[in-house]
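Asks: Here is how the chains run, residue by residue.
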Amino acid sequence: MKKYETIVILDEKLIDDDGTKFLKELETVLTKDLGGNIVKSEIMGRRQFAREINKKKTGIYLDITHEMGADKVKPLRDKYTLNETVLRLQSYSYDRPE
Amino acid sequence: MAFAKKTGNQRRRKKIIRPKICTFCEAGVKYIDFKDVEILRKYQTEQGKIHPRRITGTCANHQKMLAAAIKRARVIALVM
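For the protein sequence lines, the chains are Y and R, in the order given.
Numbering-wise (this note's numbering), the first sequence opens with residue 94 and increments by one.
Numbering-wise (this note's numbering), the second sequence opens with residue 54 and increments by one.
Warning: the hint list may mix true and false statements.
[What the hints assert, rightly or not] One side of the interface only, derived from the structure: several residues of chain Y facing chain R at Cβ under 8 Å: (1) I102; (2) F142; (3) I146; (4) K148.
If you're looking for bench data, these hints aren't it; they were derived computationally from the structure.
Here a beta-carbon is modelled for each residue, glycine too, at the ideal position from N, C-alpha and C.
With the rest of the complex left out, here is chain Y (with noise of 0.2 Å):
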């Protein structure tokens, strides 16, 4: 099992609350589908973009930092790839110094 820190940004338009129920659904994906687990997760807010993603100008990130095994990071990619409201998942492996 490795360490990852996880964020996604969602379309603000697709969604009807700050995404606390988009993020209940991705630790529960993460928990019992690819058999990791929650270290800690955060919703970063609604954002500016620095620059524009898919003509949109801003979105709300959720920051997650989870464990899970090396052979999972691209399903889990794949889960959430032709997903309309997901504009951005990037899983970055944990390497602050604790």
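Given chain Y, put chain R in place with the hints provided.
Replies: Using the frame of chain Y, we list chain R on its own:
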């Protein structure tokens, strides 16, 4: 041919060369967070290019961390 004497303003001023110190080393930073937009923008041009080390005085180790953080932040559209 005689040379005209230069006045005080025309004389070249000597540049005072101060040694550049890495601000991250001074602060004792061990990791540069890619979500810390305010810090990252200080080390970028208006177009979003990363300032070279010879201008900012950042040490090699921190420049490497900084470049990695800026490149991560670019993907998630936090910086230019």
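Asks: Can you list which hints this structure breaks, lowest number first?
Replies: 4
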